[in-house]
Structures are given as C-alpha cells and as structure tokens.
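First to last, the sequence lines map onto chains H, F, Z and E. Mapped onto this note's numbering, the consecutive letters of the first sequence carry residue numbers 212 to 660. Mapped onto this note's numbering, the consecutive letters of the second sequence carry residue numbers 212 to 660. Mapped onto this note's numbering, the consecutive letters of the third sequence carry residue numbers 212 to 660. Mapped onto this note's numbering, the consecutive letters of the fourth sequence carry residue numbers 212 to 660.
Hints are not guaranteed to be accurate.
Claimed, not checked - Computed cross-link-like contacts, DSSO-like style, restricted to lysine-lysine with a CA-CA straight-line distance of at most 27 Å:
#1 K620/F <-> K495/H
#2 K423/E <-> K394/E
#3 K492/Z <-> K394/E
#4 K420/E <-> K535/Z
#5 K423/Z <-> K535/E
#6 K535/H <-> K620/F
#7 K394/F <-> K535/H
#8 K492/F <-> K360/Z
#9 K360/E <-> K250/H
#10 K620/E <-> K495/Z
In case anyone wonders, no lab produced these hints; they're calculated from the structure.
Number of protein chains: 4
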Amino acid sequence: MGKYEIRAVGKVDLEKPASMQTNLHNRWHPDIPSVETIKDGETVKIECVDWTGGQIANNDSADDVRNIDLTRIHYLTGPFEIEGAEPGDLLLVEIMDVQPFQEQPWGFTGVFDKSNGGGFLDEIYPSAAKAIWDFEGIFCTSRHIPHVKFAGLIHPGILGCAPSAEVLETWNKREADLIAANKLDRQVALPPEPTNVHAGSADAELKEKVGKEGARTVPGRPEHGGNCDIKNLSRGSRVYLPVHVPGAKFSVGDLHFSQGDGEISFCGAIEMAGVITINFKVVKNGMADLGLKSPIYIPGPVEPQFGAGRHIYFEGFSVDEHGKQHYMDVAVAYRQTSLREYPWTSFGGGCIEYLRRFGYSDYQSYLLMSCAPIQGHIAGIVDIPNACTTLGLPMDIFDFDVSPSGPGKPLDMGTCAFETGVAEGRVAAGGKNSEHSFGGGLTYKDGPV
Amino acid sequence: MGKYEIRAVGKVDLEKPASMQTNLHNRWHPDIPSVETIKDGETVKIECVDWTGGQIANNDSADDVRNIDLTRIHYLTGPFEIEGAEPGDLLLVEIMDVQPFQEQPWGFTGVFDKSNGGGFLDEIYPSAAKAIWDFEGIFCTSRHIPHVKFAGLIHPGILGCAPSAEVLETWNKREADLIAANKLDRQVALPPEPTNVHAGSADAELKEKVGKEGARTVPGRPEHGGNCDIKNLSRGSRVYLPVHVPGAKFSVGDLHFSQGDGEISFCGAIEMAGVITINFKVVKNGMADLGLKSPIYIPGPVEPQFGAGRHIYFEGFSVDEHGKQHYMDVAVAYRQTSLREYPWTSFGGGCIEYLRRFGYSDYQSYLLMSCAPIQGHIAGIVDIPNACTTLGLPMDIFDFDVSPSGPGKPLDMGTCAFETGVAEGRVAAGGKNSEHSFGGGLTYKDGPV
Amino acid sequence: MGKYEIRAVGKVDLEKPASMQTNLHNRWHPDIPSVETIKDGETVKIECVDWTGGQIANNDSADDVRNIDLTRIHYLTGPFEIEGAEPGDLLLVEIMDVQPFQEQPWGFTGVFDKSNGGGFLDEIYPSAAKAIWDFEGIFCTSRHIPHVKFAGLIHPGILGCAPSAEVLETWNKREADLIAANKLDRQVALPPEPTNVHAGSADAELKEKVGKEGARTVPGRPEHGGNCDIKNLSRGSRVYLPVHVPGAKFSVGDLHFSQGDGEISFCGAIEMAGVITINFKVVKNGMADLGLKSPIYIPGPVEPQFGAGRHIYFEGFSVDEHGKQHYMDVAVAYRQTSLREYPWTSFGGGCIEYLRRFGYSDYQSYLLMSCAPIQGHIAGIVDIPNACTTLGLPMDIFDFDVSPSGPGKPLDMGTCAFETGVAEGRVAAGGKNSEHSFGGGLTYKDGPV
Amino acid sequence: MGKYEIRAVGKVDLEKPASMQTNLHNRWHPDIPSVETIKDGETVKIECVDWTGGQIANNDSADDVRNIDLTRIHYLTGPFEIEGAEPGDLLLVEIMDVQPFQEQPWGFTGVFDKSNGGGFLDEIYPSAAKAIWDFEGIFCTSRHIPHVKFAGLIHPGILGCAPSAEVLETWNKREADLIAANKLDRQVALPPEPTNVHAGSADAELKEKVGKEGARTVPGRPEHGGNCDIKNLSRGSRVYLPVHVPGAKFSVGDLHFSQGDGEISFCGAIEMAGVITINFKVVKNGMADLGLKSPIYIPGPVEPQFGAGRHIYFEGFSVDEHGKQHYMDVAVAYRQTSLREYPWTSFGGGCIEYLRRFGYSDYQSYLLMSCAPIQGHIAGIVDIPNACTTLGLPMDIFDFDVSPSGPGKPLDMGTCAFETGVAEGRVAAGGKNSEHSFGGGLTYKDGPV
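With the rest of the complex left out, here is chain H (with noise of 0.2 Å):
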C-alpha cells in the first residue's frame, strides 16, 4: 500500500479543441449522455477545460476577448452519472480541492466589449480588456495589474445536475416570456441556440435535439444552480444539489481562482482550466426531508482571512451616476459602490475613484473587482427608494499602503490589455485618468439627467 491515486474521471486535452471531446458540453439537457459513473461515496478529480474553451491566450491583446464566441460556451465537464441518484433525492457535493493544471498555471479575467457580451459597467466601459493572472501555489499576480498579490478563493463558476425535461421546458418557457416582453434596448435573456451546441458523445439526431431545446449556460437557475458564480463555493464546501434525473447527471466546469463578489465583468473571474476533486454523496428523499428544492451549502474552512478591520468598504445607494432617483434598485446601488466620482452628481467616488490615486487605470480596476475576493453586500433594502449596497476592498491585496490617508501617490501601474485600436490611441488622446476619460482612452459623454 504505498502508491495509488485519486480516480480521475472525465479527462480533458488542452490540446484538442473543446468542441471535439466528448467529455465536454456546453448546452443543459438531460439527454446528453453520460461519460462515466461515480460511485455514492466515491471521491474522484475531474479536469475541466477553462469555460471558453481555450478562446482566450496568455498575451497582451484583448482582442481575443473582443471577438470571442458567446454561442460555444461553457464548456462543461460531465455529465456523470452517480450510482443509486434518483429525481427527489439530493447530491451532496463536497469540494475537496480544485487546482489549476500543473503544466498551465495562469488564468485570465476579461473586460467584454458592449456588443459582444458586455458587463455590469459596459456603458461606462465598453471596451474589451484582459489582464492575465500568473499562479505560483496558492497566490496569483498579473503583468496587467501591477502591485497585487492575493490568495485564490478557488472555486467552480458551474456546478449542477441536469434538468429534467419539464424543468428544461419550464426554463425554456419563462425565459423565452421575458424576452417576448422586453422593452430594453439589450439582450434580456438568451434562448436556446443551436449554433455551436456540443453535446458530448450524442448522435446528429440527439445533437440537434439539444441545440433545439438546450438551455444555456449563462445563467444559473434556482431549480439546480448552474452558473451560480458563488465565490465562497470554495474548497470544502457542501452543496446539496436537486437531482431531477435518475442518476443525477451532474456537470462541473467553469473553474475561478478567484472572483469578486458580482464577478461584475462578466468574464470577471480568474478564469482558468484545471482539476476539481469532488466526493459525492445520495441523499436519499432529501428534497423533501429538507424541503429543498433549489441548492444550500455550507462554505469550507479555508477561505483566505483578512480580518474584518482589513478592508475598505465603499457605499451605493439606487441614485445612479447621472444623478438619477431609481426604486429600490440594488443593482444600481452595487453599481455605484465600484464607479469614479462625477463632476455633474453631488455624490459619488467609488471603489476606481479610489484606486485612481494610487494610478490604476478605470479598466485595471474595473478587473481587479471583478476577480479579487471583494465583499459584496445587500446592507438596507427597506428604506424607500434607496437600497444600500457595501463593496469591502481587502487592503492586504495590495503591496502598498492603502488605506485612506491624504492626497493620492500614484505608482506606475502599466496598463491592462486592450483590444485593438482602443488602448493606446484613446488613451493618448485623452490622457490616463484624466478628468473625462477613462483607462481606455473613452470618453463618458453623458451627464446629468
């Protein structure tokens, strides 16, 4: 008894496209085969391909970012099949660990252009961006984003069992009612697509089905979490997950070594590809002993510690940056937690005003919150109109000092990656932080309502 390993199943090849491994998906549907059976009890590691598939290179262009194909993503390890599941019980997933690969330890966070994917703050920052991430053990750095060092709070974006066919119809249905509905001037939600579906080792036939009727992996849903983007899902959590298929057909992917609270660029957390190692356990009737029908878990002991006192917390009300009065909007008062100070409100200076005096740029900021273990909370929701929102800003990240103290001493922060054509003409025209343009050489035109 001196040498074994962990069983690894559902093996991934950073070589070969995503599109041709079978292993992988990147639609919802219960009907994409399995790729393996776990035992109940068994622990096992499953490697996962980043979520884009390997669209994104470690360099310093965003133009990959900028151009990147929404329809192929996630791509999704899975699904596995686990002995004895049945629909009514719950999956017990503990996460024992996840670790990038070895032999690829880098990761990168992405700004997405307005019209190809966007972000929380795409109307302010329209522009493609990318900062690339070096991991050494548990810390990661970036070239683009000097002077910060941190922990990773490493965790799966994607976790989940598939749907069973009345909950994909029921998915199907009110999202396509939202978007029969919309009056926004954007994408509201997305219907399934058949261009681009990977459905592991289905045939043509049962290919098409789930390019058809698939949902998409974008958004996590209550029924069996998905895309929940939970930074604190780490390593030790215990999720119990709805199983809604016999066998439970649970798929893994999307793995984060960092992310903020909000993951607010959208490609916003350290993306990367690497290796969950995950035990599994049936919990037979759970649903209804625990009268669960969407996922809990219960955090690990190992997320990175700060110490309350360590962090500077910004804070946003639902007025929005022009100044206007919103209802009770958490989105626009998370929003304001994280923007610059403008000229036109009587309010405002944000998380990247703050870090502006230090001499980050708006977009190396608007990363850096997307994938640093920032505290995002809901403080007041009651105070009409005004929901309160806080952004915590661990000061620890950074190796220098900054908490609030006297006039701004910027260092020499670089720049970020850019897309082509944005980075170093806009910037040069209107000056890195200066008073009306932002990192990547854009100007706000709007002002007050």
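Fit chains F, Z and E to the given chain H structure using the hints.
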C-alpha cells in the same frame, strides 16, 4: 486623577416624549439648530432614543407596531457642531462603543403591517408582528423566538452630517421626480412632511421651514450616508463622512443591537435606545484629497465570529415565487433566499422553509432573518437574466443542531407577538405551518403566473 | 414593562479601602462567609475592585508599583452561594460581559521591582515601571506607550469556586513541599500569610483561621482554576468549574481590560476595576458525567480579530540569552521570543529588539507584550533539547507600519513611568536604547556563559 | 505562451533509498555540496521525501515505528545556493504552496516507543502506535481514528539555511555541555553521529567530516530555525531566515499535512512526502537592518478557520499527575491539558479523558492531539508556582457532537495500529478504556507521590 468620565453630550430622557426634547430632531435640514459643540479629536458619549421615540412597548402584542406613526420617525440626536469642520472636509467618525441603557436592557424587532410601512416580504406576510429581545451583556434572547441566542453586532442605523441647502434641494428634486414618474401600486418615496416634524430647538418659523423642506430620514442617501443600516458599521468602525455645512452638524440615532444584511422586515433590526461613544476627527480637504463625495468605512475588529463553515447559505435567483422570470433583479433574487417553498414552482425552499422543519413559524423566521447577523451577498450580477444572491444563516445562534440532516424535528417554538385579530384567529384557522398558511395564519392566495 | 435592570450583587465602593468591604476577600478558604445567594439560571452583575484594591494611582510614577503590598492581594468579590450547587456538580459560568466602571475609564500595567514581586524578565529588567491606559469604549491607549491603540480582550483574571477543606489541605501540603525542597535563589511559592488577610464578613476568630490556612490567590490551581489569567476567557466564554463545597461559593475578580499570553510582567494585564455580568447554571453530577476535575472553557464569539497574516511571529528555543543550552525548557524558549539581541550570542532578536527599531524603550515593550493581545504558542515540545515557542505580535495595534522592512525609523515614544531614582537617573547615564543599557537605564552585566 | 511549469529543483525518487539520492542530506553542515542554484526572486518547486526517508508503511502495524532508525533522519532536500545571498543577509522565504505527491495521497502519525524516541507522554504511553491518514484534497481522514476529518494546515517541519563553521561549533559545544551536565535518566541531546550520515553528493572524506561534526536535525535552533515544527508556518507564510554562509545553502523537508501545537507524540504531525513551492528573496544586510539573528515569520491568509467559539479549551497547571507541585514548569502544565483523570489526584481530566467519553482509546487521542490543529497557549507564566497553559480542541473536526453535555455516549472507534505484542495482548487483558489501563492495554503503575 482617580475618577472621571467621558463627556456626555446630547442627553435624552426616556420618560419624556421625544417630540419635546430639544436634543432630538426627525428631519434632515441644514438649519436645525446645533445642540452642542464637540472639539476636533474629542471622544464623547451621545444618548439616543429608539428610532420610534418610544412608540413600541415591551409586551406581547404587535398593535403598537400596527399603529406606528411613521411621520414621527426617526428621532436623531444632534446636530452637533464639530469645531473646525468646513464643507469639503471629511469627518472621521470612529465608533468607540454602542451600548443599550443599563436601565432598559431590551429592544424590539417588528414586521410592519403592509398598509403602514410594509417590508421586504409584505406581499406574503402582510400582518404586523413583533419580537421583544432581552439583553444580557453581549447577548440577546427573545421569548418570542425561543432557542436562539446571539451576540450583538451593535451599531447605529443612522449617522451623517447635515445636507447643505443645495444638497437638500437635489434630494427633494430627484425624489419628487421618482414620485411623479411612479406607476407602481405602492409608495416609492417619502416627500417632505410637515406633520409631526421635530426640529430640535427651532422656533416656530424655522420649524415650519424644516417641515416643508426637510428630508425624511427613512432612506440613506449617497451624499451623507444617513440611514444606511449597515450591520458591520459596528464598534471600532471608522466612517469618513462628507461635510456639507460649516461645523458639519452631525446627527446619529436608530441604534441597533443587531441586524441582518437587508434588515428585511423594515423595523428589522433589534431596535433600542442607548449610548454611542464616538471620537471625531476633522480631515481637512478630505473630499478632494481622497476623491470622496460619499461615505466609506473600515469595520472594527470585534465583530462576532462564527467561522466560514458555520453558516448555511441559501441561493436565490431572479425568478419569483410565482415562477416568473425577471431580468437581473437582485431584490427578487434576495427575496427567494428567504422564502418558503411553493407547490407550484419547480424550485424554492429558502430560509423560512428551512426553519419550518424545526418548528419556527414563518413570521418568527421573518423576524429572525431581519435581526440576526445574516450574511447577504451579491454573488453574481452579470449572467443574464439571473442575478444570484446568497443568504447565510449562522448555525451557532441556535441552541440545537440546525445542520441539514434528515427530516425535521419540530420543537415547541411558542409564538411571536401579532396585531390583534390576526394572531390567534387566523393561526387557529389555518394551523401553524400548514401547507397553505403561514405563521400569521394567512393564506397566500396567489399561485403560478 | 419599560425600565428594569439586571440584578447587581456584591457591590463595591471605590472610595473605601478594600479591606473594609465585606463583599471582598483576598484568600481562598471554604469558610469565608457568602455575601449573597444567586439562583440557578440567573444572570447578575458583580462589581470588582482592581486586584490591588486601589494601590495603584493614575499618575506618572511607578513608586506605587515599587512599593505595592503583596500580602493584600488579590481582592475578589464573593463568595456567592449558587442555589442547588453541590460537590460533584459543575458550575457553568457564562461571561455575558465585562466592563470598566463608567466613572473610572482607565487601568494600569506594571512591571514589578525584582525585589518585590518580579516578573518573567526580572533578571534583565529589575526596575518597577508602569503604564496607564485610558479606555474609550472598546479601545485603549496609553500616554506611556504612544502610537498604540487596541480593542480590549476583556476578561476576569480570576474566577473559581471555593476549595473544600480537603482540597485546601492538598494545596497547602504540595506547595509547602515545593518550598521545603527549594534550592533556587528565589521564592518558589507563597504559603498562607496572616498579614493583611481579608475574609469578608468573617469574625475575628474565623479571620485568624483563614489567615493561617487560606490559600494565596496568586497561583491558579487545577482543582478550581482561580488565577488562570487566560486572555481568551473573555466575553461570551462558558467555563465549567468544579464545585467542591455546598453552594459552590463562587468568587471573581482581577478584571483585565486586555492581556497578552503569559501576562509576562506579572502585573502585566491592563488591570482595572469594573463590572462583570455572569449567568450561572448548575450542571448536576457534572464532574462525573463529563469526567472533569479541572475547569474547561469554550471561548466567546467576539474576540478582536486581526487576520492570521497580520501578526509578526518571533521564534524562541531553549537556549538562553547567555548562550546556555537548556533541556526542553519552555519558559526559557518563550523568554527568548521577547528579548533584545545580545552581542555575545549567535542568535536572538525577539520582540523587544524588534520594537527598538521604532523607538520604544525596552520597558515600554515589556509592558506592551504583557498587556496587548499577544499570541503565545507552544510550537514544538518534543525535539530534544529545544522546545520551540512563538510569540505573535499583532501589527494592527500600531498606528504606523511595523512590518519588517528596511532599517528602523524611530519615532518619539516618550517614556513609561518609572520608580523614583531609576527613570531619569540611569536612563540619563546609559542613554535610552544604547547598546549596553535598557529602557530603565540599567546595564545588563552578564555576558556569555 | 500557453503551457509552462514552475521550475522544479531538487527532485526526489520515492522508489529509491533516500540515502542514495544526492539531492538529500540528513545533517546540518556548511560543507554539504549544493544541489542547485536558485535566482534571487525566483519561485521553484522542491520535492521532499517524508522525514524518515520512507521507513514507515501504509499498513496496520506500528512495528515500523517501533523499529525506526533515528540515526537516519531527517532527510532534507538541498542545500540550495541562492544567488547573491551573503552572511548578514536575511533570506525571505515565502511558502507559496505545499502539497502531497498526487501518487502518494497519504501520511502517518506515530507514537514512538519509549525506548526508541519516546515523546511528550512516553512515561504514560510507552508503546509504539500509528495512524495512517488518507488525503482527499484539502481534507484528511484515518481508518485508525474514525469520525474525524479536517483540513490540513500544511507546512514544512524543517527549513533553514546552513550554519557557518562558527555557528556549528557553537551548537556542538553548547549541546555537549548539556549532555555532560546531564543528571536525568534520559537522553537530553543528540551529539553528532557518523552512523548513517548522508551528506548528499559529498565524497567519502567530506562525508566523514560531516558525520563527525554535522549537527543532528532533530532540534530546531535559534540561529537558523531548522526543525521548528510551527504548525502555522503554513501556506502563504513569509519567513525571514538568517544567512550564515555564502549562497545561504537553504534546505527544507519534514513536510506535515497537519500538526497540533507541541507535536506531542514526536512523530506527531501527519508526516508526508510532497512538493513545496517557495519564492526566495534576498534581503541584503537584513540581519543588521532588522536587528534579527533568529528567524521571524508572518503567517499566511489561508489557515483553516473554526471560529473562536468552536473550541473546547483544557487548562493545565504545573502540578503533575502524581499530585506533585512543580515550579513554573510549562511542560508539566501543558502535559496536564492532555491527560486522563487519575483517581488519586483532586484535579485532572484533560483532552484524553474528555475523548474517552466518546469511545476513543488513549492512544488514539494521543495521536489525534499530536496532528490535529490543536491550539496550545501559554496563558500565564508569572503566578508562582503555577504556569497555566491551555489546549484548544476544535469541535468541528468531529462528525458528531463533542460539546460538553451529559454523560458520554461511546461510538465504535476501532483501534489505531500498535506494535506487535502490545495491541491485542495487553488491550485484551486490561480492557480498552478500563479504569486502570490505557488504549494500549498498559497499566500506569504509579500513584500519588
């Protein structure tokens, strides 16, 4: 140099109506006369009444909550003149301590009646309810919510400097615009209200002016913080507050023994009268130097600690309890983390459902989630159409095992206080925790959309 | 049901000599009369004088420390009769709160003169010294140790139930045996001492008996805890105390606003008078049921938190500052974590040396390590001949950057209080922080062995 | 820039005897040849064998522990030359990660036989015993100590730079002095030992020299740290190590998956082979600039967190289990926190006694206290004659409720591994956990002094 005491300013009298005390006021207005001057660098003790000015009694009926007069709130202590503070400065407020009065070691949490105040879940739980909490040192317990004990994360719900005339005008205009544009079937903001205005020692003329122009204290506002209701803005916290008028005119009140993220039942904290000890420092030119036109804060070191792994987290998405899909609505998502499970939805089972297993009525859980140190996080805010939020319930506040295992084993949980006619009557009819009724005996008529 | 207060028992009078107050006593003896009865399950407030009974003044001289009368300490409040407690039970003591008196918001830390009390480093730092600490809410600061502020980890140094006659006899015998066998050139234990005995309301005869037999309060003892000086036995802690006599006869005192692990300067905590709020519960037959004949405790949830990474840890081994190797001596090892560096050893440079870089005198650091929330760990205790210990200094108690970087930049640190003749005189001669002298101006003559 | 890996240096071969691998050595000596050069600022991966060089097998007998050859330990990887390091510098070693080998996911904890190594409790528990631990990601479990699971506080037991010839001479002299003066009936230090010396790639002559002069690796030493066995010197820690020879000659080994404060059973950590990732930086002139001739360290941010209130603390004083009073003996005091209760003493009942209630044998508890993340604090070290120490047992490592309530309810705990002839034989005779025997079936003959 034996005995001495920290200087007390702004004393209150718990036996006297709040409206007759010149150290209190209940509107924000730059002209409310200052009650005292505090030196730059000084630490003082400031006494506060509870936010209702004593409208709620330590008894077992929620009629007082039902009938609360909301034109009379919140009673704040101040304003205080801070020597040397000028517009453009920041006032650094360090909360050295907050304590209830020794002779009044109790507080209350209320659910407001839907027709008089309401709350985050008022469409489902429309009745007035109440829990009285007894304080013993750092801990509190309630006869209305048995088997629970926790340490206070004690803090002021409201603190801020007076608005300038310009800032006040901005507030009034933008909130009036919201009211004017309102198409919802509910009140969306509170305009100035002359009834029951209290302007401290103001003469009749000034009082009338304050009644006409003064901003209501209900919402927090980004220019000064105000009613931010941030549970972690507790002992040891340092808040940087923008100064808008000469002398800052700082006010404070609405003390909370504890509160959960969101303070969801509106009167959701454990409301109390007490004493706050504050150190004041003026940061000259701070608004420009730090780039801040809104408050920031750094938490203190003595928050109660449970350990990451000692929380149960509920996940909520932007699909409501009728099964309707919303677009990135964080409030909808956060509401789902708290709710029961409904037979007509394919998902659900939040904190209220979970606590039913142990015998708590829905109203007890609603009260508890409002005031216990619940963690409310914005997990993912970019995956259309679903925002994902999490609500973390600390397991160690219960004196029994609340971890997820096996079918529920209800304990005798007694009852919280209700408004007359609701408590016994409807509970008797529907039965506590029956499938189609709630703790208050009310039936939620609605089903799927 | 408006106002009420938690019952206060065992009141003290800060204006009156401790020796004249019948609620106090300064020996452990089963016959000292009880001062009051407390119900099983009751929460009460108990007032305490400082452990010296007021011998130390809030001034800038350590003459009072130099001349302290150690036959008169510690003054404890009690004993209290707990209804229903019998030998063999455990008394569950929950510390609901500890607070200084509002009208006496200060405390003191002392280094005892080597000839009168001494301390952990008395061979090196033999002079009496003192620091006065001012309390503002949860924080303390000292004019004698500038640039430091921290939250109190407030706790009672002493709590325990009275010994039975048999237990007392055991104590007296085993300590007498130690004294009889002593070959060290120092006092190794304190036998019963009739001088200045205080036995509460005992009559003359009983008082004489207590004087003859009563155990001194200095050492903690395994049968009842007593002067355990555990810094984390703070607010919210639950202690299980063996009961040796009917009614338990519980006493408490020696309140500390804060203390470091080891309380190294003997009077090393921040000593104060104040009020402790305790809930008492009798655990019938607890000693047998739990297999306990010594106290155990479970800490509370509100300890100040700094984050693991916000400490500087010094390592100490069983080689003393003369270069002599000891065998597994933990005290020698722990002493090394604290000391300066000596020119004649090939190792060294503990906390005192480290803090010299910033301008603190050795006596200031000695006082600070005694009372600040220092972590003292037994790291390795099996690798002959060296025990390894660590001493963790929290960085966040300083208002400047104490992290290890570059040469020292001394600040003006003023001075702590000294006994007459030492402070100015010898400091003037030797120079503060010169190579061969110490804060108190004393030269450590010894060199290598 | 797709795939790459962090550079691996100092590779080991688990299939080959440690004594035949030139990257390993088992003595401290300045002349042991360096195995590789590392750049200032570089991060590398270093492979390590377990400290015994593979003498312990993954089986259910402790005969290998019984017969371990202690002249052959510890096998360290190195020494490594760090570019630019000179005597007087500090080497800043940042532990980026520590991981077991993927193909050997297990480790061991051993109690040494009293006649071959011994341990902290060897007078009471003299037999060899063993527990094998299986690793699954961040967690470990043992078939020999059921119902326990915890996250590793993973760290190197040994790291340090080579001593100079002068430092080595100091070590040898002072330890020889101790041996010469020894009057105890046990070995007090380990002199240089030519048998089984391994000096890496040294030729025969040099090897002989190293055997004659080289310091044993067992004790940590204040000049360089070495075998400090500090459990919190874990991932993310930054250690400042004095440099004594050109190039520093850094070595590392004795990896621990977990360890309790004290590592009380000598082979008390969970010992493993694995890989440590380290970043090296040279701090020029650091010893003088920082005033350090001994190591200091700053812990990392990812220690497992349980919450203060999730520990049971046992108190120990300087009275031994025979009832004898010692003078300020910290080791005696710490030993008491761990022991069972004895019928002849009036006190007692430490961690071993406490865990008996749940069915653990004394040897199982002894092993568990050695390797689980036990907190060992020096509480009070000045109250003659009793030092007070505390041992904190984290409750959350057990999968059942270990809180103090009611009589014990033993579970089936199986058995740990024992040396031949002890386990079955003596256990059968005495009965597991009977009043006068211990887990290993041994009777502790002694009674009161």
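Problem - Violated hints - listed by number, lowest first - result: 3, 6
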